[in-house]
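Q: In case you want the letters, here they are:
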Amino acid sequence: MNIQTVFKLRNTPAVLAAGLLLGLLATNSARAAVQVFACEPEWAALAVEVGGEGVEVISATNALQDPHYIQARPSLIAGVRKADLLVCSGSGLEDGWLPLLLRKGNNPKLQPGQPGNLVAGQYVNRLEIPAVLDRAQGDMHAQGNPHIQTDPRNITLVARVLAERLQQIDPANAEAYGARLAAFEEKWRAAIAGWEERAAPLRGKRVVLHHRSWVYMDNWLGLEEAATLESKPGLPPSAAHLNELLQQLQAAPAALIIRTPYNDPQPSEWLTQQTGIANVALPFTIGGTSDATDLYTLFDTTIRLLLDKTGAANGQ
Amino acid sequence: MNRAIFWPGALPAVLLATLPVHAQTDQDLDAIRAELTALKAQYETRIQLLEQRLSAAEQQLADEQQAPATEAGANYAAAPAPGPATLPASVPVPAPANSYASAGNEFNPAMGIILNGAYRAYEHNPEDYAIPGFPLGGETGLPDRGFSIGESEFVFTANVDDWFFSRVTAAIEQEDGDFNTSIEEAFLDTLSLPANTTLRLGRFYSSVGYLNDKHVHSWDFADQALPYSAFMGTQYGDDGIQLRWLAPTDLYVELGAELFRGASYPAAGDAHNGRGTQTVFGKIGGDVGISNSWTAGLSWFNADARDRDSGDEDDPLAFDGTTEILIADLVWKWAPNGNIRDRSLVFQTEYLWRNENGDYLLPTPDTPVPIDADTSGWYAQLIYQWQPGWRAGVRVDGLSLDDPGPQFTGSQLEALGDDPLRYTLMFDYSHSEFSRIRLQFERDDTGLQNNNQLTLQYIMSLGAHGAHEF
Numbered sequence: 000m001n002i003q004t005v006f007k008l009r010n011t012p013a014v015l016a017a018g019l020l021l022g023l024l025a026t027n028s029a030r031a032a033v034q035v036f037a038c039e040p041e042w043a044a045l046a047v048e049v050g051g052e053g054v055e056v057i058s059a060t061n062a063l064q065d066p067h068y069i070q071a072r073p074s075l076i077a078g079v080r081k082a083d084l085l086v087c088s089g090s091g092l093e094d095g096w097l098p099l100l101l102r103k104g105n106n107p108k109l110q111p112g113q114p115g116n117l118v119a120g121q122y123v124n125r126l127e128i129p130a131v132l133d134r135a136q137g138d139m140h141a142q143g144n145p146h147i148q149t150d151p152r153n154i155t156l157v158a159r160v161l162a163e164r165l166q167q168i169d170p171a172n173a174e175a176y177g178a179r180l181a182a183f184e185e186k187w188r189a190a191i192a193g194w195e196e197r198a199a200p201l202r203g204k205r206v207v208l209h210h211r212s213w214v215y216m217d218n219w220l221g222l223e224e225a226a227t228l229e230s231k232p233g234l235p236p237s238a239a240h241l242n243e244l245l246q247q248l249q250a251a252p253a254a255l256i257i258r259t260p261y262n263d264p265q266p267s268e269w270l271t272q273q274t275g276i277a278n279v280a281l282p283f284t285i286g287g288t289s290d291a292t293d294l295y296t297l298f299d300t301t302i303r304l305l306l307d308k309t310g311a312a313n314g315q
Numbered sequence: 000m001n002r003a004i005f006w007p008g009a010l011p012a013v014l015l016a017t018l019p020v021h022a023q024t025d026q027d028l029d030a031i032r033a034e035l036t037a038l039k040a041q042y043e044t045r046i047q048l049l050e051q052r053l054s055a056a057e058q059q060l061a062d063e064q065q066a067p068a069t070e071a072g073a074n075y076a077a078a079p080a081p082g083p084a085t086l087p088a089s090v091p092v093p094a095p096a097n098s099y100a101s102a103g104n105e106f107n108p109a110m111g112i113i114l115n116g117a118y119r120a121y122e123h124n125p126e127d128y129a130i131p132g133f134p135l136g137g138e139t140g141l142p143d144r145g146f147s148i149g150e151s152e153f154v155f156t157a158n159v160d161d162w163f164f165s166r167v168t169a170a171i172e173q174e175d176g177d178f179n180t181s182i183e184e185a186f187l188d189t190l191s192l193p194a195n196t197t198l199r200l201g202r203f204y205s206s207v208g209y210l211n212d213k214h215v216h217s218w219d220f221a222d223q224a225l226p227y228s229a230f231m232g233t234q235y236g237d238d239g240i241q242l243r244w245l246a247p248t249d250l251y252v253e254l255g256a257e258l259f260r261g262a263s264y265p266a267a268g269d270a271h272n273g274r275g276t277q278t279v280f281g282k283i284g285g286d287v288g289i290s291n292s293w294t295a296g297l298s299w300f301n302a303d304a305r306d307r308d309s310g311d312e313d314d315p316l317a318f319d320g321t322t323e324i325l326i327a328d329l330v331w332k333w334a335p336n337g338n339i340r341d342r343s344l345v346f347q348t349e350y351l352w353r354n355e356n357g358d359y360l361l362p363t364p365d366t367p368v369p370i371d372a373d374t375s376g377w378y379a380q381l382i383y384q385w386q387p388g389w390r391a392g393v394r395v396d397g398l399s400l401d402d403p404g405p406q407f408t409g410s411q412l413e414a415l416g417d418d419p420l421r422y423t424l425m426f427d428y429s430h431s432e433f434s435r436i437r438l439q440f441e442r443d444d445t446g447l448q449n450n451n452q453l454t455l456q457y458i459m460s461l462g463a464h465g466a467h468e469f
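Just so you know, the protein sequences line up as chains A and B, in that order. Just so you know, numbering that gives the first Met the number 0 puts 225 at position 226 of the first sequence, and the rest follows in order with no gaps. Just so you know, numbering that gives the first Met the number 0 puts 137 at position 138 of the second sequence, and the rest follows in order with no gaps.
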């Protein structure tokens with residue numbers, strides 16, 4: 000290869016700039032009123048419920064991705080750049096990647112303290128705020144358990160803040176957001192009542208969790224946590240810990256082993272073989288199972304799976 | 000509330016100003032006074048009611064936060080339970096109401112410590128290490144044999160205010176038994192510039208290429224790829240200014256330019272009144288489906304050297320002139336469903352072209368000898384993670400140069416034998432996100448004799464959560 004010719008391009012910077020500008024012109028497109036960047040699919044779905052046609056929503060993660068382990072990918076930087084509103088769970092869930100995205104996204108509207116920065120966890124009562132912070136206890140979250148979306152009452156609290164923020168960012172449509180929120184709240188309240196009624200037989204059932212992803216749901220439905228497959232939060236289940244669990248569960252059985260769609264199914268399936276206790280991958284968020292397509296079907300599916308798999312539906 | 004307090008005071012003034020003069024009889028005045036008193040009383044009652052509602056809401060909030068916890072495991076303190084199904088009004092609920100005594104340290108920056116130590120074994124003495132044809136910058140040779148704490152870092156980050164973010168990285172390096180502390184990075188980024196731009200000021204690693212601004216602890220191998228070692232003095236960091244702009248496109252398109260003092264290799268001597276190095280770079284990237292993502296970049300780097308010594312103290316081989324480098328980089332990452340936790344495959348490659356144009360001061364005959372030489376370097380690597388925590392990687396890197404001419408025979412610039420080439424194999428295990436242990440084998444054919452190298456390395460991350468860079 001003749002390096003000489005490549006190298007004598009003294010106007011390399013100009014060539015670079017011209018090429019990139021061409022690319023820019025080719026992909027630019029029209030925008031809806033409010034661009035929402037949701038860190039997790041449940042907040043994307045909620046933004047659609049409250050924002051309706053006034054918002055265009057993208058989700059940084061899907062239900063098959065562990066939201067702790069996301070990289071600040073180029074596509075996410077581009078997503079942050081164009082967003083007017085960011086909705087994330089917070090409580091440390093996105094600590095590895097969101098601060099980096101906010102610095103690389105060059106978007107002042109989303110910086111902490113701005114109306115465009117909505118951290119959902121700040122508006123609900125968080126569980127499991129640790130008294131002692133030590134990573135020997137695993138990947139701890141100083142601000143409590145971040146998986147707040149498994150309790151639908153938390154969704155209501157976040158919906159209200161979301162509507163307020165949309166009204167601040169897009170005052171022209173403030174009334175529409177208010178009306179949509181009121182309609183959502185009414186429908187959601189009725190849905191919660193329905194789920195609570197159906198889930199009544201679950202109260203007091205003992206469940207084993209893969210990761211502590213379900214503590215808000217357990218608290219809501221009165222499920223009792225018998226153990227977790229992870230010996231410490233964030234560490235993959237080890238053979239030694241699973242054997243301990245096996246003995247523990249043989250002494251005091253549980254009704255169900257629960258994991259998220261992104262958790263490795265092997266440990267829970269092994270325990271099922273050994274103990275006969277059923278295991279299930281609950282949807283966890285929108286898209287976690289094929290029928291969990293929006294917030295309503297998310298909880299419908301969750302309750303149905305819990306009832307089916309524990310046998311509580313048949314009065315056991 | 001402000002309005003309610005304001006009104007009683009404003010009303011008399013307004014009323015008095017609008018009253019006709021003939022109405023100012025005693026009875027009228029009494030009537031007005033009575034009316035005013037009534038108004039005042041009415042507003043005071045309203046204010047009291049509002050204050051009562053406010054304190055009731057605060058009490059309710061406090062009660063909820065002190066509500067008994069669920070039986071959520073012994074490690075956790077009593078934490079608040081969620082509110083009842085009928086929810087309180089949308090009061091912005093703050094984070095747990097801890098009250099701090101003012102001690103002046105509430106706003107300490109986020110602090111992280113990276114321990115990066117190693118045990119290294121080489122077949123041949125690392126002090127004899129040289130790449131024929133490539134005089135290396137200072138500190139670019141092989142690290143010492145045996146145990147060392149290598150390059151450990153202290154990282155401090157914080158938002159300065161709503162305009163600026165800042166990061167300081169101090170590194171401890173071991174060299175010939177001595178420990179040196181150096182400021183690797185100390186920069187500020189703007190947070191609120193318009194038009195998707197960010198300005199960076201201070202000391203920082205240039206954003207050219209892919210590997211140049213990656214910190215040692217985030218490298219996939221225990222040492223830097225050859226072209227960066229040979230051309231950039233491992234990685235180019237200097238005092239300067241950077242402007243980055245994100246194009247308003249759905250595709251990630253970033254354009255940037257930098258101006259540096261020109262004090263570190265391959266620049267030297269703070270040329271052009273301390274603006275000795277200029278760079279321009281462009282990066283694009285995106286996703287393909289949900290399982291693949293990629294980035295590619297093209298960078299131009301121009302450094303002026305004034306009396307630049309190579310790292311070899313016995314034979315400094317001073318250079319006066321310009322070093323121009325063009326870098327093309329490509330990174331492709333695959334993970335099933337984009338879930339990098341469980342499994343992933345990463346392919347990464349870069350090509351660097353370099354032109355050195357100037358004069359080398361050869362020891363004999365001790366006169367500047369003009370040079371206009373082209374060299375190039377490249378690497379390609381593949382990292383596979385087959386289950387959480389476990390990775391294996393392979394890398395091949397090499398350099399190539401044209402013979403600069405007979406006038407350089409006998410100097411470090413003389414090309415000897417085949418082009419330098421190196422093969423590296425590594426395995427690492429991360430017990431958690433915060434620890435990593437690595438074993439690396441290397442067959443290094445860059446020198447005059449083949450050198451087999453073994454490295455056992457640990458990387459520990461304490462304190463602030465590390466960033467998941469792409």
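Treat the hints with care, as some may be off.
Examples of chain A residues toward chain B, derived with CB under 8 Å [as the list claims (entries may be wrong)]:
{"id": "1", "residue": "D65"}
{"id": "2", "residue": "A71"}
{"id": "3", "residue": "R102"}
{"id": "4", "residue": "D138"}
{"id": "5", "residue": "E174"}
{"id": "6", "residue": "A175"}
{"id": "7", "residue": "A178"}
{"id": "8", "residue": "A182"}
{"id": "9", "residue": "P200"}
{"id": "10", "residue": "R202"}
{"id": "11", "residue": "R205"}
{"id": "12", "residue": "S230"}
{"id": "13", "residue": "L234"}
{"id": "14", "residue": "S237"}
{"id": "15", "residue": "W269"}
{"id": "16", "residue": "Y295"}
To give an idea of the chain B side of the interface with chain A (calculated C-beta under 8 Å), a few residues [claimed, not checked]:
{"id": "17", "residue": "D160"}
{"id": "18", "residue": "L198"}
{"id": "19", "residue": "R199"}
{"id": "20", "residue": "G288"}
{"id": "21", "residue": "W333"}
{"id": "22", "residue": "G337"}
{"id": "23", "residue": "Q384"}
{"id": "24", "residue": "N449"}
{"id": "25", "residue": "N451"}
These are computed hints drawn from the structure, not numbers from a lab. If you're wondering where the values come from, they're calculated on a predicted model, not measured in any experiment. For glycine and all other residues, C-beta sits at the position ideal for the given N, C-alpha and C.
Q: With 8 Å as the cut and Cβ atoms as the points, is R102/A at the interface with chain B?
A: Holds, about 6 Å.
Q: Taking the closest Cβ pair, is G288/B under 8 Å from chain A?
A: 11 Å, violated
Q: Grab the minimum C-beta distance from W333/B to chain A and call the hint holds if it beats 8 Å, violated otherwise.
A: 12 Å, violated
Q: Does A71/A meet its interface restraint, that is, does its C-beta lie within less than 8 Å of any C-beta in chain B?
A: The hint holds - A71/A has a Cβ within 8 Å of chain B, the shortest such distance being about 5 Å.
Q: Can we keep the G337/B interface hint, with Cβ of chain A closer than 8 Å?
A: 5 Å, holds
Q: Regarding the hint that N449/B lies at the interface with chain A, is the smallest CB-CB distance below 8 Å?
A: Constraint on N449/B not satisfied, violated at 27 Å.
Q: Would the hint on D160/B stand, with a C-beta cut-off of 8 Å toward chain A?
A: It is violated, given that the least Cβ distance between D160/B and chain A is near 10 Å, above 8 Å.
Q: Against chain B, is L234/A within 8 Å by beta-carbon distance?
A: Where the cut-off is 8 Å and the nearest Cβ of chain B is about 6 Å from L234/A, the hint holds.
Q: Hold the hint about R202/A up to the distance rule: shortest CB distance to chain B must be less than 8 Å.
A: 13 Å, violated
Q: For the restraint on E174/A, tell me whether the closest CB of chain B is nearer than 8 Å.
A: 17 Å, violated
Q: Under the criterion of a CB-CB separation shorter than 8 Å, is S237/A in contact with chain B as hinted?
A: Given a least distance of 10 Å, the restraint on S237/A is violated.
Q: Under 8 Å is the threshold here; is the Cβ of R205/A close enough to any Cβ of chain B for the hint to stand?
A: Nearest chain B Cβ about 12 Å off; hint violated.
Going down the numbered hints, you'll see the structure goes against 5, 6, 7, 8, 9, 10, 11, 12, 14, 15, 16, 17, 18, 19, 20, 21, 23, 24, 25, while the others check out.
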